Amino acid sequence: MVFLPEGGNLRFFVLLPLLFSVTLYATEYGRTKITGTDEGWWVIQSTHFDVYFEEGSESVAESTVVIAEREIQLLGDTFNYLPSNPIPVIVYRSPARFRQTTLSAGDMGEGVGGFTEFYKGRIAVPYTGIWSEYRHVLAHELSHAYVFDMMFRRELTDIIKSRAPLWVMEGLAEYTSLGWDTASEIEFRDMVINNMIVSVGELSRRTDYLVYREGQAIYHFMNERYGEQRYLEFVQHMKDKNGIEGAISEAFNMTVDQFSERFIEWARETYWADVSDGGSPSDIGTPVMQGEGRRASRLNIAGPVISPDGSKIAGCEYFHARFSGVVRSAVDGEVIFRPVDGGGVFEEAVSPMYRTMAFSPGSDSIAVAFHLVENDGLKISAIDGEPRTVPVEFEMIRDPAWNPEGGQIAFSALQDGSLDIWLYDIDSQQLSRISDNEQGEYDLWWGSKGILCVSEEPSQGTRTLERWNVDGDVEVLHVCNENISSPVETPEGVVFISSEQGEPNFFLLQADSLPIVRLTDLYITPRFTSWADSCGIALFQAADWTGSGLFVVSDLDTRRIDQHFSVHECGDRPVPEDIGHYTPENWRISQYQPEFSLDQVSANAGFDSYSGLTGNSLFLFSDILALHQMGILANFSGQVSDMDLAVDYRNLQHRNQYHGGVYRFVSRYIFEDSQGYRDYVRDINLGGTLGLNYPFTKALHAGLAANYRRVSREGLWSNDVLFRENIFSVRTNLVYDNALWGAVGPRVGSRMSVSFDYAPGFWDNAEYFTAMLDLREYTWISSEVTLAARLAGGISFGENRQRFFLGGALPHRRSTGDVEGVGDVFQFYASYADLLRGWDYVSLNGTRYGVASVEFRFPVLNYLSLAAPIPVTFTRGRGVIFTDLGFVSDDLSTFKGASGADGYRLEDIKMSFGTGFRLNVGFFVLRTDIAWRTDLAGVSQKPKYYFTVSTEF
0 MVFLPEGGNL
10 RFFVLLPLLF
20 SVTLYATEYG
30 RTKITGTDEG
40 WWVIQSTHFD
50 VYFEEGSESV
60 AESTVVIAER
70 EIQLLGDTFN
80 YLPSNPIPVI
90 VYRSPARFRQ
100 TTLSAGDMGE
110 GVGGFTEFYK
120 GRIAVPYTGI
130 WSEYRHVLAH
140 ELSHAYVFDM
150 MFRRELTDII
160 KSRAPLWVME
170 GLAEYTSLGW
180 DTASEIEFRD
190 MVINNMIVSV
200 GELSRRTDYL
210 VYREGQAIYH
220 FMNERYGEQR
230 YLEFVQHMKD
240 KNGIEGAISE
250 AFNMTVDQFS
260 ERFIEWARET
270 YWADVSDGGS
280 PSDIGTPVMQ
290 GEGRRASRLN
300 IAGPVISPDG
310 SKIAGCEYFH
320 ARFSGVVRSA
330 VDGEVIFRPV
340 DGGGVFEEAV
350 SPMYRTMAFS
360 PGSDSIAVAF
370 HLVENDGLKI
380 SAIDGEPRTV
390 PVEFEMIRDP
400 AWNPEGGQIA
410 FSALQDGSLD
420 IWLYDIDSQQ
430 LSRISDNEQG
440 EYDLWWGSKG
450 ILCVSEEPSQ
460 GTRTLERWNV
470 DGDVEVLHVC
480 NENISSPVET
490 PEGVVFISSE
500 QGEPNFFLLQ
510 ADSLPIVRLT
520 DLYITPRFTS
530 WADSCGIALF
540 QAADWTGSGL
550 FVVSDLDTRR
560 IDQHFSVHEC
570 GDRPVPEDIG
580 HYTPENWRIS
590 QYQPEFSLDQ
600 VSANAGFDSY
610 SGLTGNSLFL
620 FSDILALHQM
630 GILANFSGQV
640 SDMDLAVDYR
650 NLQHRNQYHG
660 GVYRFVSRYI
670 FEDSQGYRDY
680 VRDINLGGTL
690 GLNYPFTKAL
700 HAGLAANYRR
710 VSREGLWSND
720 VLFRENIFSV
730 RTNLVYDNAL
740 WGAVGPRVGS
750 RMSVSFDYAP
760 GFWDNAEYFT
770 AMLDLREYTW
780 ISSEVTLAAR
790 LAGGISFGEN
800 RQRFFLGGAL
810 PHRRSTGDVE
820 GVGDVFQFYA
830 SYADLLRGWD
840 YVSLNGTRYG
850 VASVEFRFPV
860 LNYLSLAAPI
870 PVTFTRGRGV
880 IFTDLGFVSD
890 DLSTFKGASG
900 ADGYRLEDIK
910 MSFGTGFRLN
920 VGFFVLRTDI
930 AWRTDLAGVS
940 QKPKYYFTVS
950 TEF
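Residue numbers (numbering that gives the first Met the number 0): 0 to 952.
Any given hint could turn out to be false.
[Claimed, not checked] Okay, derived cross-link-like pairs now, EDC-like style, lysine to aspartate or glutamate, Cα gap no bigger than 20 Å in a straight line:
#, residue 1, residue 2
1, 238, 148
2, 119, 472
3, 32, 901
[As the list claims (entries may be wrong)] Okay, the calculated beta carbon distance ranges per label pair:
#, residue 1, residue 2, range
4, 601, 859, 28 to 36 Å
5, 949, 869, 19 to 27 Å
6, 195, 612, 49 to 57 Å
Since the hints were derived computationally from the structure, they do not count as laboratory data. Keep in mind that this is a model prediction, so the values were computed, not measured. We put the beta carbon where it would ideally sit given N, CA and C, even for glycine.
Let the sequences and hints guide you as you build the complete structure.
Rendered as structure tokens:
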């Protein structure tokens, strides 16, 4: 997977980190990673790969080498190219560890199974305990690394110049890793039948899941319709700078629109016929509806499970931009309660990728597998009661199943590289292991005869339907080369979903050892079966012409289908015969030793007759695991003595995250002092910092840092040192941030920052104590509308107490000429100005301040495409209506907020209101605001206009 902004292409992915690298540490806010593990890291070096793994994951790492070497040989045979340098592969022992990766600064969402970054060509993948999933993700990401190396040679300039849309890369990765297998074709067939596929031109602007499966289908169409040679020519031409238009023209001698028409026609001709041959989910079941009357809609939640009495449905849903656990009524779909809300200090959430909830036999309690800070945990709660976290913690927990007799909960848990069945006894609070093997058991269902599950045989690629008892004895019920999922026990036997006869449908393993029978002939794929014992009702998830949703069926296990239909022929990918070059004899295993290497470099230079030679450069270094990170920034303008230089180092190897740096920044300007004399001065800010950051959770962290700075001003015309001050300070802060972002700013959540900065005044240094508080709340009004509120303030004491500046729409540094003390030099301030629209920049100042802002944020622009003067597309422009209040004071005893003389009006409290527009243009957010002052007795005749580059607060 590669990460792109919506509507973007490959160059956005490359350039955005350059901005993040220099701004990431300039702000207090931001979510943190829980870094550091108890285990050390090791590396296996093979012919084409360096596989890095945590101690205890040796078997997974060894299998990774074998899979990777096989895949690289297949790719080499296809494209006649092999990378000259080993490809680094970083294997995380669980999805929980993967979510804390330091290779990417952003959060790893639930749908991210792995990723490949450009600069070092690193592949990062988590092991999920299911080998088929792991092989697919590894092969997919390996294809990315291979194609980046083949097409771009990992050269930054080539990647930036590429005009390849996202589907080209993701579709190729899917096609080279899976071919056109049954599961892929079935999923694409469902998309075609449900009218989800789009034209190639539209797909080139998409960044959602469609780029994976439809992109894969496009490559299959190329190969099937025009032959392998034309397909390979298309991939080779994507290296050119003419984009997809040029590649399609060169390979197929047609335009993008012509190619798209042929592809859409092929897809519909191939799969629409299946609708007439098969049945709809509505033909066998009844949709579960949410609401009543005309406002009723289908209920659709991820990983659904029905209660034994058939009255409730539980699962995962996207609630206020977070994945939360929910229990709803099976009658009208109304929410009964949410055992896991999502968010909060501990960032609790449930996964939509598998089943995470199970009802008790009496339907009066629920068990929930959820994400903890570092691992997964288990909650038990009475319906509409207070959830209780049980003393169970694993690297991953999924598919809980309650004993029909009560008192015990079974679940699949990933620990030490193995996905096994575990048992928790509620009364004794004892935990026991039922299975212990490499197959990986999942999709658990506890029936009267034992625990049903699906497992895999890694070496043979088969799926097995099994039944376990609590003593660890296992009975193999069915073995198949195709996918098996969602087994449940019914009075007729075991019902499960399988694609062994070509297309996924319900099958019955009869209780009396009779042959397996097919129960349905659906033209669409069913998922997530569950069974209500008391009323004999089955629940499943599927889609038809009217959309996706949940269906209940009362006769699922008694239905029979005599005719069998197969999907279209799918070819298996070849397996290379020569495997000698990736046997363990050719491997080297050693303990990981971090070494810095260059990640990114950005530089430019210029010349003008006034300043002379100017330029700036940025160098970013890290080790392979990105546990050690260093940045070097160097800018110069004219003279070497005016060079800006900064070096920053961060050590993320442990949970205590250490950082340090040194810097020297110079600025020149001409000013006129209060006596009318003009002077040309240079301000120098020289210093260093050393500190640590401790993350309690992803949303809550504390920091402590010691800083030394020397700020000075020199007269360049007079050659005098006008001012010099040394500052040693200690700063501590506590930051809470669980806000989730939209296109231009936070959309939902809360943020808080409390900071204290103390300069003790040693050795005649500056002396002050400053405390600041910042609270922000983002309230979800609807999926597109947010109400944002902010309250902030600060106070400073001491001989050299700091001042706070208000005014304007963006923190803005404005230099002053007269210097009577350190407070007149803006380098003295870590936070120089704050938001108060309606007034000039930094026009108000004092040693105490407070501000409050409320913004109503709403959508204005969905999509705008311009053909001239330059072709550009804008999406998701947003508007805002706001009001700001603020005050500054040196002495609160003389502060007068408002006056009642001659009518009520504000005095020292300043107030404004206005409106604005925000637009994300890819690299930054453009903001424009119009603000009017008011004292509640009148409104200013002329507004203030602001045009700024900044995200919303």
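Hints that the structure is at odds with (numbers, increasing): Hints 2 and 3 not satisfied by this model.
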